[in-house]
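Engineer: Take the given structure of chain A and dock chain B to it, following the hints.
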Amino acid sequence: MEFAELIKTPRVDGVVLHRPFMPTVEGTLCLTGHHLILSSRQDNTEELWLLHSNIDSIEKRFVGSLGTIIVKCKDLRVIQLDIPGMEECLNIASSIEALSTLDSVSLMYPFFYRPMFEVIEDGWNSFLPEDAFKDLESMTDEWRLSDVNKDFSVCPSYPPLVAVPKDIDDDTLRKAATFRHSGRFPVLSYYHKKNGMVMMRSGQPLTGTNGRRCKEDEKLINATLRPGKRGYIIDTRTINVAQQAKARGGGFESEANYPQWRRIHKALERSNVLQESLIKLVEACNDQSHSMDRWLSKLEASSWQTHVKEILTTACLAAQCIDREGASVLVHGTEGTDSTLQVTSLAQIILDPACRTIRGFQGLVEREWLQAGHPFQQRCAQSAYSNSKPRQESPVFLLFLDCVWQILRQFPCSFEFSESFLVLLFEHAYASQFGTFLGNSTAERTRLSLPEKTVSLWSWVNRPQELERLTNPLYEANSLVIWPSVAPQSLLLWEGVFLRWNRSSRCLDEAYEEMVHIIEYNKELQNKVNSLRRQLAQLETEDPLLQTP
Amino acid sequence: EEHGQGYTSVEQVRLLDRFSNKSTNGTLYLTATHLIFVESSSNNSTSILHHHIASVEKLSLTTTGCPLVIQCRNFRVVHFVVQRERDCHDIYSSLLRLLRPVSYEELYAFSYNPKQNDQQREEGWQLIDLGAEFERMGVPCDQWQLTDVNRDYKVCETYPRDLYVPITASKPIIVGSSKFRSKGRFPVLTYFYQEKKAAVCRCSQPLSGFSARCLEDESLLQAISKANHNSRFVYVMDTRPKLNALANRAAGKGYENEDNYSNIRFQFVGIENIHVMRTSLQKLLEVIGTRSLNMSDYLVGLESSGWLRHIKAVVDAAIFLTKAVTVEGASVLVHCSDGWDRTAQVCSLGALLMDPYYRTMKGFMVLIEKDWISFGHKFADRCDQLDGDPKEVSPIFTQFLECVWQLTEQFPQAFEFSEWFLLQIHEHVHSCQYGNFLGNNQRQREELQLRERTHSLWAFLMSEKQNYLNPFYSPAYSEVHPVLAPSTLPYNFKFWRNMYHQFDRSMHPRQSILKAILTLRDNSRNAESTLQALESVTAPPAWCDPHRDL
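Protein chains in written order, with the UniProt record's numbering: chain A, 1 to 549; chain B, 1 to 550.
Next comes chain A alone, as it looks inside the complex:
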């Protein structure tokens, strides 16, 4: 298919762009295969470059022959284009609709994008499982890297290499995989260096209604326990939901077959409920009514903050089991690709200082989301403004980012990255020139040859100028476990995402710049003091009568 077929009117003059809190821009609107561009051809006015894949939905209106298209984006921005000429407007609208909903992945922009920057380090090779395993090996010899999934036949959503207990052979893994949802047998998610406890994740066990058991599965997870120690299974579903899953062949680990494990059920919501929640939240945030009661009741009705609290609470529980109770933990829900990953990744943010660095966080997103098989393509196909019936869409990853932001707010000096890194990941998960978030699993990414045909987001992020922009100026490495408060009074609405386009951020931006200025000035002074001290020390050796002030 040629994009040209979809573009009936490639350019229109005299188009007026309205954006909240920005001056209107008049200029020429151009449509390309992947972008909507508005250019005023004047210096100093910002142009609009919008990826079609960032468009969630559009609305059109006509007053006489003047058409208006309201473009609602996946990053939650809403812009308005006034287009003279009814035919032009209709053409533009239908082109945008077609181009923003392309079915084929291989037509997506990342396959066409050529980087304008020099790739210093290829992000596709930055976070390989074998490298992560080397770190693990330096801490313990109780684990091995298995390539049982090298052709993705044991578990289609797992990477080719996974870490498993040393004494468990590949045959056992294959058998255990048949007992777990989508073949997602228990694998290592995190090793807690401080006490050697581990966190594992998997899909639900397929016990079914007649209580099927699997010796290999039991052996696999028991192999992670120290002699005489008990572990915890955190099931992200309520006991009722877990019970009902039995009728569909799923289920949970019974006490009888897993006597060394204590099961805890939590109530994390599933994907369609979360999508509904996002839509309601964004609707509430865009409501310009001045009624406080209406705002608070809409915020409550969206349940978004409830989800944030529940996810954080569950992550704290997992972290507590590991760090405070000195127990190993297995986390799963149904598939083990959504709420499970929220819990395992957030627990690592809490426990592991390395995950709070820019690079460490990228590694975490790679390990616990991309390689762990979170179906990004399905989950992020549509965002809060979509009119189409939701299929697999769900803001699971956005909720995770929101939870990270909450912890960042509570420990503003303990993260190497700033809020803008989280916002950036949100944007790129939904629409991007990079291939990182395309596909639903490592298998799909391999099939699409993404590493060969597209550029990795990490290649772009890990350049000095970009890193500088994402760095938190307040960062001071904190080697401790950080326990966030999960009281509702301590959790805030993530304004940087949900109110981003609804308010002027000028005052806050200026204050942020002032903060950066204070920090830099301090650094500069300290450097001067140090260099003078050295100079003086040298002088002192030459002239012992000088005294250091």
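There may be inaccurate statements among the hints.
[To be verified] The calculated label-pair distances, taken between Cβ atoms and stated as ranges, are:
1. B:Asn-25 to A:Ser-138: 58 to 68 Å
2. A:Glu-325 to B:Val-38: 24 to 34 Å
3. A:Ile-519 to B:Ser-529: 31 to 41 Å
4. B:Val-480 to A:Leu-480: 34 to 44 Å
5. A:Met-22 to B:Gly-329: 26 to 36 Å
6. A:Met-22 to B:Asn-113: 53 to 63 Å
7. B:Gly-329 to A:Met-86: 57 to 67 Å
Hints were generated in silico from the structure; no laboratory data involved. Virtual Cβ for every residue (Gly too), placed ideally from N, Cα, C.
Structural biologist: Okay, now just chain B, sitting in the frame of chain A:
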């Protein structure tokens, strides 16, 4: 156990954390002014001023002891478990006696002695000078003058002695008007916006009933209007909901009839009364005091308490006032019922939006001194300083502080002071440790000889100025944006955790940007002086420099 030094102590007391299952053991001391809990393991202590205690409750005996729950006006809630019931009862009854002082002389301010001599104390009281403040605004001027009509508190006993009125308002007009206004609180100047020569005036409701009118009152408003050549009319802002104002008419009070006043524009702005505010805060505290509170109950409770709705209403009213004055250049007369609660909130918050001076530390003190203390906000009644009518207690001043906090969140560079300054003021409004807020009006304060017998909070806060600075403050910002235009869309109003959970440590962020930046600023200051010292040593003496022109 009674000690010679005049305190009682009880050992083996447990202090329970309000939101977790944690507890600490220690000893409880009851002194003449404080209740002090000293942890046995760490010697950390929690000290509670008797005046801060709003209520003490003895719960029924449990297996571990006798629980004693103390609620404080600074929103601290402490839960002790005393092993022996008798000890618990002793503490309980002593506290009941202590927390209900009946005369001002019993308040801490009269015994508090920060080791200052009389001269230092007097200097402290002289720090804030309202005469100088009116001069700063440009008053007296060709249109406004100082009147001595209230020199002896004869016309209005809840107003200060010095009042500013239009030059065309004669004494008979003033006296006549005062008789037509509730509690004699006739219209006077509280802020003068020099740029447009527009005035913010305040008063209480007129005693208009259904039809009464007063020519002197009408001429006083006429005089206010005439004093401003920029506008042909003066706004009259009744800060009450219309229904309340209507109901007042039956009691012979009410609001201005536009037909009788030749050039006014009348406007209701709908802030609720002290009783609604008191109940609202009680509901809020109840909700947030719940253990294991879930998000939904929190948000529903936040909504049903109405607290943020009321905060928004006050800010909205202040914005209305600010726009009328700064954009339209019109003078505004603000009142509510008695003109000492809502009127104080709206006038002071409006002035804060209009005038960058009030956003400095000193200016904020002046603002409180002017619109709250001198104009007779009934601190004694509202803050329950003496054993009085519980229906008079209301968090009106707390709301004002919260409105200011909400503004600091929107304009992080516009205020010289940080949130800690607001919290400290709130602390001392209730502590009765300083004389500033004692009593209900200036006349009473003079009778109590507070300037001679107590110390001023302002001097103390000034001496600690470093602690309350906002590191992001930029005077340049205020030059570019002298008038603040906050957004009052509902999501801009947040729950003020650091106020209402100030003492619940588990609720707070473990690290604070404010603290981190203040530390950096300190470091920078130190580095600057070290640098200077180092440079003087390392720089070669002048006579070594061969290029120096001798």
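Engineer: Hint by hint, note whether the structure agrees.
Structural biologist: Now for the hints, and whether the structure bears them out:
1. Under the hint 58 to 68 Å, the C-beta atoms of B:Asn-25 and A:Ser-138, about 44 Å apart, miss the expected range.
2. Against the hinted window of 24 to 34 Å, the Cβ-Cβ separation of A:Glu-325 and B:Val-38 comes to about 32 Å, which satisfies the hint.
3. Our hint of 31 to 41 Å for A:Ile-519 and B:Ser-529 is violated, since their Cβ atoms are close to 19 Å apart.
4. The hinted range of 34 to 44 Å is satisfied by B:Val-480 and A:Leu-480, whose Cβ atoms lie roughly 42 Å apart.
5. At roughly 30 Å, the beta carbons of A:Met-22 and B:Gly-329 sit within the given window of 26 to 36 Å.
6. The hinted range of 53 to 63 Å is satisfied by A:Met-22 and B:Asn-113, whose Cβ atoms lie roughly 59 Å apart.
7. Evaluation of the 57 to 67 Å hint for B:Gly-329 and A:Met-86 yields a failure: the beta carbon distance comes to about 46 Å.
Consistency note: the structure conflicts with the earlier hints numbered 1, 3, 7.
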